[in-house]
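Trainee: Listed below, chain by chain, are the residues.
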Amino acid sequence: MGRVFMVDLEGDIYICKHCKTHLSKDQDIISKTFQCTHGRAYLFNNVVNISVGVKEDRMMITGMHTVVDIFCVGCGSNVGWKYEFAHDKSQKYKEGKSVLELFKISGPHDSNDLISDGDDA
Amino acid sequence: MENGLWEVLGSKGLLKKHEFVRILVQCLYSLGFNKSASCLEQESNISCKSADFGILEKQVLSGNWDGCVAVLDRIFGDSMDRDTRNTALYLVLKQCLIEYLKQGDVSLALNVLRKQAPILGMCKEKIHRLACDIVYSKEMESCEADSCLVQDLRKNLLVELEKLIPLPIVIPERRLEHLVESAVLDQIDTCLYHNSWDAVSLYKDHCCGRDQIPSETVQILMAHKNEVWFVQFSNSGKYLATASSDCTAIIWQVLDDNKVELKHTLESHQNPVSFVSWSPDDTKLLTCGNAEVLKLWDVDTGVLRHTFGNNNAGFTVSSCAWFPDSTRLVCGSSDPERGIVMWDTDGNEIKAWRGTRIPKVVDLAVTPDGESMITVFSDKEIRIFNLETKVERIISEEQPITSLSISGDGKFFIVNLSSQEIHLWDLAGEWKQPLKFSGHRQSKYVIRSCFGGLDSSFIASGSEDSQVYLWNLKKAKPLEVLSGHSMTVNCVSWNPRNPRMLASASDDQTIRIWGPGKPNRPENRLGDQLR
Numbered sequence: 001m002g003r004v005f006m007v008d009l010e011g012d013i014y015i016c017k018h019c020k021t022h023l024s025k026d027q028d029i030i031s032k033t034f035q036c037t038h039g040r041a042y043l044f045n046n047v048v049n050i051s052v053g054v055k056e057d058r059m060m061i062t063g064m065h066t067v068v069d070i071f072c073v074g075c076g077s078n079v080g081w082k083y084e085f086a087h088d089k090s091q092k093y094k095e096g097k098s099v100l101e102l103f104k105i106s107g108p109h110d111s112n113d114l115i116s117d118g119d120d121a
Numbered sequence: 001m002e003n004g005l006w007e008v009l010g011s012k013g014l015l016k017k018h019e020f021v022r023i024l025v026q027c028l029y030s031l032g033f034n035k036s037a038s039c040l041e042q043e044s045n046i047s048c049k050s051a052d053f054g055i056l057e058k059q060v061l062s063g064n065w066d067g068c069v070a071v072l073d074r075i076f077g078d079s080m081d082r083d084t085r086n087t088a089l090y091l092v093l094k095q096c097l098i099e100y101l102k103q104g105d106v107s108l109a110l111n112v113l114r115k116q117a118p119i120l121g122m123c124k125e126k127i128h129r130l131a132c133d134i135v136y137s138k139e140m141e142s143c144e145a146d147s148c149l150v151q152d153l154r155k156n157l158l159v160e161l162e163k164l165i166p167l168p169i170v171i172p173e174r175r176l177e178h179l180v181e182s183a184v185l186d187q188i189d190t191c192l193y194h195n196s197w198d199a200v201s202l203y204k205d206h207c208c209g210r211d212q213i214p215s216e217t218v219q220i221l222m223a224h225k226n227e228v229w230f231v232q233f234s235n236s237g238k239y240l241a242t243a244s245s246d247c248t249a250i251i252w253q254v255l256d257d258n259k260v261e262l263k264h265t266l267e268s269h270q271n272p273v274s275f276v277s278w279s280p281d282d283t284k285l286l287t288c289g290n291a292e293v294l295k296l297w298d299v300d301t302g303v304l305r306h307t308f309g310n311n312n313a314g315f316t317v318s319s320c321a322w323f324p325d326s327t328r329l330v331c332g333s334s335d336p337e338r339g340i341v342m343w344d345t346d347g348n349e350i351k352a353w354r355g356t357r358i359p360k361v362v363d364l365a366v367t368p369d370g371e372s373m374i375t376v377f378s379d380k381e382i383r384i385f386n387l388e389t390k391v392e393r394i395i396s397e398e399q400p401i402t403s404l405s406i407s408g409d410g411k412f413f414i415v416n417l418s419s420q421e422i423h424l425w426d427l428a429g430e431w432k433q434p435l436k437f438s439g440h441r442q443s444k445y446v447i448r449s450c451f452g453g454l455d456s457s458f459i460a461s462g463s464e465d466s467q468v469y470l471w472n473l474k475k476a477k478p479l480e481v482l483s484g485h486s487m488t489v490n491c492v493s494w495n496p497r498n499p500r501m502l503a504s505a506s507d508d509q510t511i512r513i514w515g516p517g518k519p520n521r522p523e524n525r526l527g528d529q530l531r
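Chains A and B, in that order, are what the protein sequence lines are.
Counting in the numbering used here, the first sequence runs from 1 upward without gaps.
Counting in the numbering used here, the second sequence runs from 1 upward without gaps.
This is chain A alone, in the form it adopts within the complex (with noise of 0.2 angstroms):
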């Protein structure tokens, strides 16, 4: 589909498991405590090479979100979603942060924390 646009990243980074394209870096991380239905997720403050879905108002445990799903420009996979507006003050500072779930990624992540009492799917 058209010849894809994709950035290139430097350092310690995350890619999407499938089709290695550069997602994130280690730098980026705000939180390490994040769930998923699929496991373990961490919060990052910006995301590349990604596409977005539409926006959906969705409930979790920290409350009403509006969230748009994101997903790898190289291969389309779900990687994540990322959060557009948090309705409850305390969550606003997720505004305009993406979660990736480390079942699709690959990166120097341990994967081996498995408690968490984040945010969830």
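I should point out that these hints are in silico values taken from the structure, not numbers from a laboratory.
All C-beta atoms in this analysis are idealised placements derived from N, C-alpha and C, irrespective of residue type, glycine included.
One or more hints might be untrue.
Derived BS3-like pairs: lysine-lysine, alpha-carbon spacing no greater than 27 angstroms straight-line [said to hold, decoys possible]:
#1 B:K380 to A:K17
#2 B:K380 to A:K25
#3 B:K360 to A:K17
#4 A:K20 to B:K360
#5 A:K104 to B:K360
#6 B:K475 to B:K380
#7 A:K92 to A:K104
#8 B:K126 to B:K163
#9 B:K380 to A:K97
#10 B:K432 to B:K474
#11 B:K380 to A:K20
#12 B:K360 to A:K25
#13 A:K55 to A:K97
Example chain B residues on the side facing chain A (calculated, C-beta under 7 angstroms, incomplete) [claimed, not checked]:
#14 W229
#15 S274
#16 K360
#17 S378
#18 D379
#19 P400
#20 T402
#21 S418
#22 K444
#23 Y445
#24 V446
Pairwise CB distance ranges, derived in the manner of DEER restraints [unchecked claim]:
#25 A:N45 to B:T283: 48 to 56 angstroms
#26 A:V4 to B:L454: 29 to 37 angstroms
#27 A:V4 to B:G408: 24 to 32 angstroms
#28 A:E56 to B:K436: 28 to 36 angstroms
#29 A:S106 to B:S443: 18 to 26 angstroms
#30 A:V4 to B:D298: 30 to 38 angstroms
#31 B:Q270 to A:V4: 14 to 22 angstroms
#32 B:Q399 to A:N78: 23 to 31 angstroms
#33 B:G408 to A:K55: 41 to 49 angstroms
#34 A:N45 to B:D455: 39 to 47 angstroms
#35 A:G39 to B:K436: 41 to 49 angstroms
Chain A is already provided as a structure; the job is to place chain B on it using the hints.
Mentor: Only chain B this time, still in chain A's reference frame:
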């Protein structure tokens, strides 16, 4: 005055009638209608030549130098411009001295010089210089005081004096013509569709329509078996090259009636071809792809001449450009290690820029004069490198850049950003901010744009909504949006020799050729103009 010559004209009363009539008379004379001109002079009692100038003319042509000086003194009067007055008197003095010397009247000449020099405030040095000027001048070379020659010299003097005399005694040449042309140029300036240097009609205010720019599909080219990612006209506008994800490139020929037909299919690449570049003399074509090597082809025969590097060495080239001599080329790699390399057409490496300062090259171009190389590095940096002075200028954009394109005169370049904006920068580096254009759609793919039309006054771009967008550089919003393709338009190219011909390449596997549209309906015109 009887016919009210002190009246004003024009709807706002800004034009003086007697001035208007005077420039009309001047215009008639300059067009050669001497009888009509003098008739108008009589009828209106306004003459083109002012009374003072008439007197001056008589004095000069009859060699009455004292009279001449008297008129000039009166003309300049108490004007503050002493320098111009002195220059005029100096010229008269010089002519006078030349004439006396030619007649052999040396003592008379010396007398005049002695009298005039202090009046003109001439110091010794100036007098000496004047003397040298005269003695060594061309006019003194011929031996005889030819009366014809003298008259010619006097006429020349008059022309020189005319340049110094202030308004309104003398008015600039062809004044009416100049005023009308200024008005027409102003109208052209606000005409957003303007695309040719043909003479415009004076009968109505100038305003072009869609028939001046490519806005209708005139031909659809189907030959590629997959998405077409790149299209570019040759420098002569006689050929077109397209590159596709079907791993081929095609050279097309533009016929005299502007119809396009297939000339050669270039097969050799094993991966999608995403970029081509015509040599400045249009005899050679370079092809390359994001995961592909660089290949050189002969345009006339379609034969592969050379492959640079090879796939095993991983020397993938994302874009390339030629130098004006059509034998040196430069290419940038999408591999951070390979950098930028300059080759000659025989395959010899001339120069290379490698190392940690050279990240992945997104796009690359060389200015038409071969002096500067513009490189877009992943993903927000533009570096303009002057190959002669080795000076480098860096522009950092705030959003990722997907492609680069230089204007035909090499003075400007545009970059497409994935934030759906096109930024126009000047090569000289005088602008602090770029000009920005938007309206098209771009978020995932590499969308390319180009300059085009008369004097590169337009920009065209592809878009992810399957349309072609056209802008006039004067307005940030699109001038025209062309529909026709059924999928993302990846690349566009405006024919450099035919301002009314545009080509677009799309994921729908076709290339569309666009030509002049139908003229606008009068009702739709209100939105066209800048005012």
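Trainee: Run every hint past the structure and note whether it holds.
Mentor: A quick look at each hint next to the structure:
1. B:K380 to A:K17: 26 angstroms, holds
2. B:K380 to A:K25: 17 angstroms, holds
3. B:K360 to A:K17: 22 angstroms, holds
4. A:K20 to B:K360: 17 angstroms, holds
5. A:K104 to B:K360: 26 angstroms, holds
6. B:K475 to B:K380: 25 angstroms, holds
7. A:K92 to A:K104: 26 angstroms, holds
8. B:K126 to B:K163: Judged against 27 angstroms, a Cα distance of about 22 angstroms means the pair holds.
9. B:K380 to A:K97: 21 angstroms, holds
10. B:K432 to B:K474: Measuring from Cα to Cα gives roughly 18 angstroms; hence the hint holds.
11. B:K380 to A:K20: With Cα atoms ~21 angstroms apart, K380 of chain B and K20 of chain A stay inside 27 angstroms; holds.
12. B:K360 to A:K25: 18 angstroms, holds
13. A:K55 to A:K97: 14 angstroms, holds
14. W229: 5 angstroms, holds
15. S274: 5 angstroms, holds
16. K360: With a minimum Cβ separation of about 5 angstroms from chain A (threshold 7 angstroms), the hint on K360 of chain B holds.
17. S378: Status holds, d = 5 angstroms.
18. D379: Because about 4 angstroms separates D379 of chain B from the closest Cβ in chain A, which is inside the 7 angstroms limit, the hint holds.
19. P400: With a closest approach of 5 angstroms, the P400 of chain B hint holds.
20. T402: For T402 of chain B, the interface hint holds, since the closest Cβ of chain A sits about 5 angstroms away, which is under 7 angstroms.
21. S418: The hint holds - S418 of chain B has a Cβ within 7 angstroms of chain A, the shortest such distance being about 6 angstroms.
22. K444: 5 angstroms, holds
23. Y445: Constraint on Y445 of chain B satisfied, holds at 4 angstroms.
24. V446: 4 angstroms, holds
25. A:N45 to B:T283: 48 to 56 angstroms: 52 angstroms, holds
26. A:V4 to B:L454: 29 to 37 angstroms: 35 angstroms Cβ-Cβ, so the 29 to 37 angstroms window holds.
27. A:V4 to B:G408: 24 to 32 angstroms: 30 angstroms, holds
28. A:E56 to B:K436: 28 to 36 angstroms: Given range 28 to 36 angstroms: holds, Cβ gap about 32 angstroms.
29. A:S106 to B:S443: 18 to 26 angstroms: With Cβ atoms ~25 angstroms apart, the hint holds.
30. A:V4 to B:D298: 30 to 38 angstroms: 32 angstroms, holds
31. B:Q270 to A:V4: 14 to 22 angstroms: 19 angstroms, holds
32. B:Q399 to A:N78: 23 to 31 angstroms: 24 angstroms, holds
33. B:G408 to A:K55: 41 to 49 angstroms: Between G408 of chain B and K55 of chain A, where Cβ atoms are some 44 angstroms apart, the hint holds.
34. A:N45 to B:D455: 39 to 47 angstroms: Given a distance of about 45 angstroms, which is inside 39 to 47 angstroms, the answer is holds.
35. A:G39 to B:K436: 41 to 49 angstroms: Given about 44 angstroms between the Cβ atoms, the range holds.
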